[in-house]
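Student: Listed below are the residues making up each chain.
Protein chains: 2
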Amino acid sequence: MSYVAPLKDMLFVVNELADLAAVNALPGCEEATPETVEAVLEENAKFCGEVIAPLNVTGDRQPSSWQDGRVTTTPGFADAFRAFGEAGWQGVQHPTEFGGQGLPKLVATPCIEMLNSANLSFALCPLLTDGAIEALLTAGSDEQKETYLANLISGKWTGTMNLTEPQAGSDLALVRTRAVPQGDGSYKLFGTKIYITYGEHDMAENIVHLVLARTPDAPEGVKGISLFVVPKFLVNADGSLGARNDVHCVSIEHKLGIKASPTAVLQFGDHGGAIGTLVGEENRGLEYMFIMMNAARFAVGMQGVAVAERAYQKAVAYARERIQSRDLAGSAGPVAIIHHPDVRRMLMSMRAQTEAARALSYVTAAAYDAAHHATDEATQRANQAFYEYMVPIVKGWSTEMSIDVASTGVQVHGGMGFIEETGAAQYYRDARILPIYEGTTAIQANDLVGRKTARDGGAVAKAILAQVRATVDALEGQAGDDFVAIRKRLADAASALEDVVDFVAGNMKSDIKGVFAGSVPYLKMAGVVLGGWQMARAALAAGKRLEEGSGDAKFYQAKIGTARFYADHFLSQAPGSRDAIVSGSAGVLALAEDQF
Amino acid sequence: MSYVAPLKDMLFVVNELADLAAVNALPGCEEATPETVEAVLEENAKFCGEVIAPLNVTGDRQPSSWQDGRVTTTPGFADAFRAFGEAGWQGVQHPTEFGGQGLPKLVATPCIEMLNSANLSFALCPLLTDGAIEALLTAGSDEQKETYLANLISGKWTGTMNLTEPQAGSDLALVRTRAVPQGDGSYKLFGTKIYITYGEHDMAENIVHLVLARTPDAPEGVKGISLFVVPKFLVNADGSLGARNDVHCVSIEHKLGIKASPTAVLQFGDHGGAIGTLVGEENRGLEYMFIMMNAARFAVGMQGVAVAERAYQKAVAYARERIQSRDLAGSAGPVAIIHHPDVRRMLMSMRAQTEAARALSYVTAAAYDAAHHATDEATQRANQAFYEYMVPIVKGWSTEMSIDVASTGVQVHGGMGFIEETGAAQYYRDARILPIYEGTTAIQANDLVGRKTARDGGAVAKAILAQVRATVDALEGQAGDDFVAIRKRLADAASALEDVVDFVAGNMKSDIKGVFAGSVPYLKMAGVVLGGWQMARAALAAGKRLEEGSGDAKFYQAKIGTARFYADHFLSQAPGSRDAIVSGSAGVLALAEDQF
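These protein sequences, in sequence, are chains A and B.
First residue of the first sequence? That's 1 in our numbering, and the numbers climb one at a time after it.
First residue of the second sequence? That's 1 in our numbering, and the numbers climb one at a time after it.
Hints are not guaranteed to be accurate.
No distinction is drawn between identical chains; accordingly, a pair holds when it is met within one copy or between any pair of copies.
Straight line, CA to CA, 20 Å or less: simulated EDC-like cross-link-like pairs of lysine to aspartate or glutamate [what the hints assert, rightly or not]:
1. K554 <-> E593
2. K524 <-> D404
3. K554 <-> D594
Worth flagging that the hints you see were computed from the coordinates, not collected in a lab.
I would like the entire structure built from these sequences, with the hints used as guidance.
Tutor: Right under this line is the structure:
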């Protein structure tokens, strides 16, 4: 198989680091027992490995194509999507009321990882559909929920998010699409939206577009944006499909990667107006969109973990089989390249970063569950704050990391890596979109710096750092070089991150450009340090199991070895990153525009 | 124009850092006066910008194609190559005796950079031809020189390097191609060579293959490899072309990038034997190949600089024109994204790394010239040692850097960067081969660790570090925050690099795997630190010009600002890299093969 889900690693994180037992104890999460979760993940792993993963290469070689407004997806995608819906996978995290499985985000998250490892392009359709479901659950009217949710959750219909316009990319204040009230409660929409993932396709009966637009009297800027639901086919009162709506796909993009995923230009209202209904209240569209964007950003972060995992698996397989050069310790003949120290270093780098990002994401998912299901408000609030701080990091850092991992995967293959038939290059191409869509890394970093750090004077960040220090303290009691090294690196890295938080919170008013000059380095550094925190926690948990003498000793030893690698090779960068952020703005801002 | 050669930057490096005046004073380099060099570079810039650069996108969209053993190159390539040869550009650095211009490597190097910025795929043909010329000059017989050199240097014929076989990539000990003596001084060759750049094409009348093969009684391993010259068409005594030789292109590869450059599988001897002649002595093939490989590795390092420069130019152009979001300092409306601090940081990162790698390469080229033309042996030896230490760094570091720069270039473009029509993605794809061919970064790092550092106990490295310290001392006298910061970062980075050199030299015997576990990190760190040394030298030179009040003040201020950026953002990484190398091997080697 081209992808085998790392179930043992996933379950280790779910149970030992993200504390499934605690999530399971929350009201509303009673179904998520360790046994059920294991069974769900096993089933999902089987489905993703057998049905979805084989379509990944097909999608790259036979991308979606456009003709006369219709998009034909890769052969096999429509059938696979039908099977996906029928097996209930679209509904894992959605309410049972509308046909979902109602499982916690901590359970949905590994499922999302697996689907994306299997096939990034395919997984985008469910990912965007999740966003549409989320938006309607949050802000939709009862009628809208009734009309759309069950069919979205069953995979009969799919959803999209329509934000970007040619002149409005990162800056949604520039959105120009118009929504004109018709007097009957409906609106007609007019405008052009670009980069609409699965904006048109042949995998479902209907497509439910969630669209940002302006009503006639809306104020300028982001406070005048409303959210509309605009279906491809209008829905009759009895739920059957009615007339074709006036939203049309005029082209799809020719992209570097994720070629099977159609990226549509959608034209609204060229033939009289696209009929839509308002979601929630007027002018609150951006607020609702942020709800679905937070979910989507988290999911894109998982795409980073997912493509990194798949690139790692491929590189390990090649390194085991490719025979080249003698062992440095002096073998008689050439050996598999996995024996060469630099190949080993590359594989460890891929593995360690992937594990760190996975652990941080799953722990973040568990915080989401606690924020939504805990019974006391203080616990809810603390977990919501943790979740919100982490979302830009999970999105920004995991996706930037995935480019590095995919690139290293190509390098492990040597010349073969550059040949498209090998397949390693696809991950390098596919991964490149991840730090761009759903908000570039700079946009994530703006969020982290502004809303998540400066606004509360760094309080949430400091609370998280206190948790990191508790892990440092716990490491103190552990014997052995590995734990000594991990403890030292984590302690130094945490101090460095604290310096950066102080810098950000302390200089936001006096030197805003200087702070934002270090925004992305801060985000990446936070990812490195907090990912390293999770690696240290993994080493502690593994050490405990080894002491108990329970389970697979080699597995737990590998956790400690990988944490050691991460500490020496990644946590060690944190002090240098601190220096670059705290004193690096002079260089960033040194040149005038005409000096470039 | 899609590429405008950064002539002012190039001349600054050539004159101020690589000391053209000193090179010009060497016997045999009298032609290379500052005025002549400037004129040559201007002419080359014009040719590359006008004739070669426009074919870059064409080559990506209409790659070379294969049919029935023939390769058709991209429309326009053959004409451009003819113009290239006729203008004398293939001969810049080659002896006047065979029709070359006989200019120093310091002059050829910016020409190579410009050609590669204009079009990596096109430039590979001259690059490999240079290698073949070099090999024949070094080890060819008078008859071989007579037969081949003038036509190679004029661009009438082209050359190739045939090393790799399916089972012999990085490990040339595994080469199996056979060379059977025919009793008349010629040999018949039998075997398969892969990844042969421009191994077949329609741009020249003849192709001169330099081929590694084994004679019947050759010892096993690398000491049994000989070098042969095998022309596509045999050459008659009068210099006219004779029979078609038995070397045939059976396919070309479908690659991630550099698609216009045909990467051939060549079959030697399937129809009776490919006729070749021995170059130099039997079993010394690897030694000769290393001569051309050193030249080729340096040139591939320049490809890294070149693609980084082009990606930077494209990103700057986009950042100036794309309007999005208000200025942080509070503009009324949206501004060009070059005003946003994170875009500024990305551009500075691209610019600073490109300038550092350019400076280090040109200085290395000047050392080559001194090694070959200085009159006293001590100067020759010192410069040869400097050159040899730098070649793996120029190759390995510049090319790894170029991936980062090209990736950042995509990021600057946001969603547009992922659309192939934009063109930024091509650099990201093209650059990916650079750390692989002509020896992967790991192979470069083996060279740096083994032959260039451990063998002499780190003596050459220490001598270079003494020069770095002299620059640190020179910085001491300079006033201003920028110079204070640059001095501190460079001093710390030099200490860190010295620790690593001591670690490598001191542990090679006792812990060879531990040393090689840090080989690539050592190479990259050496590049970062020595590139930073050149940036500091650039700042000093610029400071001197500013004091004198001569020249373009904004240009010199930008040199200081860019050096400051480099110091705070890249030199600051050196202590962390040191830690990862010196204490990082336990993690690299922690897992057994079955734990991956």
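Student: If a hint holds in the structure, say so; if it does not, say that too.
Tutor: Evaluation of the provided hints:
With identical chains, the CA atoms of K554 and E593 are at most 20 Å apart between copies only, with a shortest distance of 11 Å across copies and 56 Å within one. Taking identical chains as interchangeable, the C-alpha atoms of K524 and D404 lie at most 20 Å apart whether they share a chain (13 Å) or sit on different chains (15 Å). Proximity of K554 and D594 under a CA criterion of 20 Å is satisfied inter-copy only: 9 Å between copies versus 58 Å inside one chain copy.
In this structure, every one of the numbered hints holds.
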